[in-house]
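Participant: Here are the chains, one letter per residue:
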Amino acid sequence: MTAAPEMLAQSGRLPFALEALWLVPLLPLAGFLLGGLVLRPLKLRWLPQVAAGFVLASLLLSLAAVKAFFGLFPPGSEHPALVTGAIDWLPVLPGLSFGLGTLIDPVSLLLLVVVCTVSFLVHLYSIGYMADDPGKARYFVFLNLFTFSMLGLVLAPNLLQLFVCWELVGASSFLLIGFYFDKPSAVSASKKAFIVTRFADLGLLLGLLSLAWLGFRLLPGLQAAGAVPPGLEAADFALLNHPAFHEAVLALPPFVGLSLLSLPLLLLLMGAAGKSAMFPLHIWLPDAMEGPTPVSALIHAATMVVAGIYLVARLFPAFAAAVTPLEVAAFLGALTCLFAAVIACSQDDIKRVLAFSTLSQLGYMLLALGVARADHALGHTAGLFHLFTHAFFKSLLFLGAGAVIHAVHSNDIWRMGGLRKKMPLTHISFLVAVLAIAGLPPLAGFFSKDEILRAALEGGHTTVYGIALAVAALTPFYMARIYLVAFGGTARSESAKQAHEAPAIMTIPLLLLALLSVCAGWLPMAEYIGLDHGHAAHHGIHWNIALPATAAALLGLALAGWLYTGDRRARREALASLLGPLGGVIRNKFYIDEIWLFFARRVIFRGISAPIAWFDRTVVDGAVNAVGWLSRALGASLTLLQSGQLQGYASWMLAGTMALVLGLGMLLGGN
Amino acid sequence: MSFFPVGIQHWLLLCLALFSFGLYGLLTRRSAMGLLLAIEIMVNSAAVLVVALIHLLHPGKLDGQLSALFFIALAAAEVVLALGIYVPLARSRPSGDVTQLNDLRG
Amino acid sequence: MKAAWITTALLALHSLSAARDWTQPTLAERAAEAAGRSPWESAFWIGLGLAGTLAAMTLLGLSLVYAERKIAARFQCRLGPTRVGWRGTLQTLADTFKLISKADLVPRDADRLLFFTAPWLVVSGMLLALVNIPASPLLFVVDLNIGLLFISAVGALSVLGILLGGWASNNKWSLLGSMRAGAQIISYELSLTLSLLVIVLFTGSLSLGEIVQSQQEGWWLWRGHLPAMVAFLVFVIASTAELNRTPFDLAEGESELTAGFHTEYSGLRFALFYLAEFLNMFIAAGLAATLFLGGWMPLHIAGLQTFNRVMDFIPPLVWFGLKTGGLIFVFMWLRWTFPRLRIDQLLKLEWRFLLPLSMVNLLVAALVLLLGVYGKGGPA
Amino acid sequence: MRPSDPFFYLFALLALGLARACVCSQHLLRATLYLAGVLFCGAAFYVILDAEFLAGIQLLVYIGGISVLLIFAIMLTRGPDLLKDRPSPLRRNLALALSLSFMGLCSFLVLRTDWPAALPAEPHENPVRDMGVRLLNPGEGGLLLPFEVISVLLLCVAIAAIYLARPGSGEERPLS
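Protein sequences appear in the order of chains A, B, C and D.
The first sequence runs 1 to 671 under the numbering used here.
The second sequence runs 1 to 106 under the numbering used here.
The third sequence runs 1 to 380 under the numbering used here.
The fourth sequence runs 1 to 176 under the numbering used here.
Everything labelled a hint here was simulated from the structure, so no lab data went into it.
Just to be clear, a hint being listed does not mean it is correct.
Unchecked claim - One side of the interface only, derived from the structure: several residues of chain C facing chain D at Cβ under 7 Å: (1) 142; (2) 146; (3) 159.
Just so you know, these numbers come straight off a predicted model, no measurement behind them.
Note that the Cβ used here is the ideal one computed from N, Cα and C, for glycine as well.
With the sequences and hints as input, model every part of the structure.
Facilitator: Spelled out as structure tokens, the structure:
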């Protein structure tokens, strides 16, 4: 980090779009407040349009910011991290304070564009999707709240703001999953999502606290030595990512065999795993599909669930310095990506398939980050690249699924079929998305997946590469499966027969996303985000990576075509008998939910909660009640004094005064 | 202490006596109006006391008179408010007997 | 002692003379001054003051009642009393004897203590006020430095007397009458006091002697410009109301309440109430004359030297008498000309009109004082 | 002995007698009259203490305002049972004991205190004017703030009294 950008920021000569970037999160917040406090109570019908308008303003502003940023620091050169709009928010102690502000660097700008674009398109799509819903106003208000929180998270310059927005994102996700609050399954799904992520957030909080503590303790020394630039605060990313800080922390004695840098980062990784639904904390994401489909597209595919990935990417220098957490991340990512892909092959609910697919792709991203190292940061670029492209095609898939569900009134792919003719625009866009996620050139998924595989291979993680390649075959298979079952063949139900194309307000976002799904991969991402420019500067197709990957994708597609084109029930049953009991296990999602349930019921409820509750009810409450009883008894005896007689009081007062005078006289006077 | 000349102690004792009469009235009266009368005696005696003390300790200093002015204003305010409370009370109750007004009994 | 008598005679003569000498001490001052020399002389001056006041009271009562009857008669195209004395001048005296010799009735369930106290309270209030009125440089019993405040304050005694008298009579007409009178007097007291304050503001003093002297340059009615005129008008209206005279005589409207708070009174006590009423009128008129019309100052017009010299020859007592008499005539004129107001009209007049008017007027007066634009031209 | 001393004793006796009558009279209206007497004596005390202006104010406010107001209130609300306010002997004795002991205690303290001698007098040409200046002076020793506060208080009291005594605030809904 050179001194120049800081001087630029201080002299206030940055372009307006960067100086005023704080407007980007605040615009949706304004929309939330305006909608929630004014428009909704007034029952104004154009609330959705207003909500979308605020997000559109954010989108335009963030695009302007991207243009301004890369105008100042052209692609391929060094990209500094700027902080604008900083205010001192929470002064805790002298030397320990937390600020608010907007952090501008390529990573946050990437997320900014993704969040704003997808959020705006989802807003647009929702205007059509939710047109007849009585809770429309509430929906859009929550959507604005979510957008605000997510943007605040992305732009956070320190861990605390990130944490606050992280929880806000969780809260709005909770609200939106439980949007149909009269449906018991939605309510329990929202509770499940909230509790599971809260559980993981405990790790995040602990990690945050320990990092902030380390920062607080080490900052004065580092500043005195001139190792870090002045003006940093304890939880600032700029400090946490600073090599001098890593050195200082690694110099401290390790704890339980882990360095003091790894420990908090592992805790942070736990939070990230919860939010990004990594194994074994993934159980909330499939259930979260109870929310409205656009919500799934926005929150549970493109934005919120990538917050974990973003966190790791944000602190990547720290992770790279610690190494151990990255290995864990790689393992976790690989495991989740394979595991979820396998389950996805067996599900019949279109949204669940997409949800497991999301899990799998998130695992992919984490895997990519995990294989990156300080001296070989290609994985970092690749993970974020995949995050970028995945956001578009996965939200496209969800929105397409939403259109289909809207038309068919069912989530079950076996009740669809033959939609190719009835919903041509949806079909085209869905097909583009399926091909993009399958990784066929020249669509977006191909390039990002290519980068990931390359990163794994070149980083020397052969096992991980193998798993990734396997998943590269599985992904096209299950995606093609749902595509073929839902769109191909003939209609399998009455509603599917009567399905028709969605209105333009819904198809336009689909087509826009389809366009993005095609083009997003053509960006030379390494020039924008790359950490080591010498190594990853050459962008292009690496045939040693691309050929096996494309072959795997084609294999998956072919298998799906073989099994699901026309009436192929016999072949499927043969395959199922080949798998034997394993098929049942897969179908039941490896019984992870049941294991958790057992753990929660037997261990937590019976073993921990019940004794604590007993203690609380008898001992703690007993003490409180005893105090209450005592004071009541005392009060009851004292009420005898309170006769309600004015003159009685006057007499007591007089007598008391005289007693005081006498007492004081004896005490002080004497003579 | 002799009868003449009249000094601080004479004034103090006079005011004390007046105050004690007021006190007696305050403690014995049953009617709210009677209480008010007694309180007026007490306030007045206090005001006289302040004026007398300042006058005798520091002749010509106006603080005593000024505070007595405030006393009088306060007493007027108090009476007005007391009557404002008393009149509706007396209308809504069978009598203005304060010993019957014990709704706040614990 | 002989010297004292001679001085008195000289003083009486002197008071009628034309000398404009306001360095003359008041009777109270003379008494205080004499206290050092001989207690007897001091006692003489005090006695003279008391006796003079009582005599003036009696004389005023008699003459004012006569005047009222004559004027009322003239307004009603009658002759009024003509038989007793020259043109009926002794009629009031005869009536007084009649009243004193009448049976003294007290209602059966009356609160006797209060019943007997009430008239004396009223009259003593009047008496205390009367001693403060400067009739001439010499006939001035006491010049309190809080004179104006004192006069308003002792006016309260008569309110107390009226209320207690009405209540003690144990008669609903009396009670109603006294309540009305009380409410009316308290209400109008406000604008009355505010109009007095205008003059206090101009003079910077509460002492009536100083107020008269301050009008050497010109009467406040003229020198005070608009605020003083408004204050004068308000003062006349409010004191009419304070006097319970028509058109504000609801408290004793005979068609409604027999005779108001003194219905049950007879004989001497009735005479006292009656006397107090007329004295009150005199005090109001005298106060107005003192405050606004220069008191015993002669009428001067700037630039007319000869005219002013001639005016100077008229003695101060006569000037005071003329001004007060004129105002008393106005009060009587009002009484026999206007119809009676209703109670709501009466209260509305005060609270909605006179009081805001006098408040604004006081502010305007303060403005006039601040800008220093008063004190030019007009009769002096 | 100063010339004012006999007046002190005269009015002191009068005041005490009237105060006793005021608190002991069974008849409220008479008690009010006695109260007016006590207050009148207060005015006399002020005159003795060279505070003529205060005496005037005392007469104006207490006798002209407060006493009249009290009489009005009694007349407006006379309840038959309280025209005779006769406290029970127990109550009387208790109150007597309390007030007497208060008086005794305070007298004891007053008598055993060494009161300082008077400071030299501050001459005032026109005390009323000086008081007015003090009252409206915002600076050192000025009482403008208390004056304003008490003005606001009086305004509030006036509004409160009007509100409380408004027709319909007491009759329709009993306070209990």
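Participant: Now, for every hint given, state plainly whether the structure supports it.
Facilitator: Going down the list of hints, with the structure as the test:
| no. | hint | in the structure |
| --- | --- | --- |
| 1 | 142 | violated, 12 Å |
| 2 | 146 | holds, 4 Å |
| 3 | 159 | holds, 5 Å |
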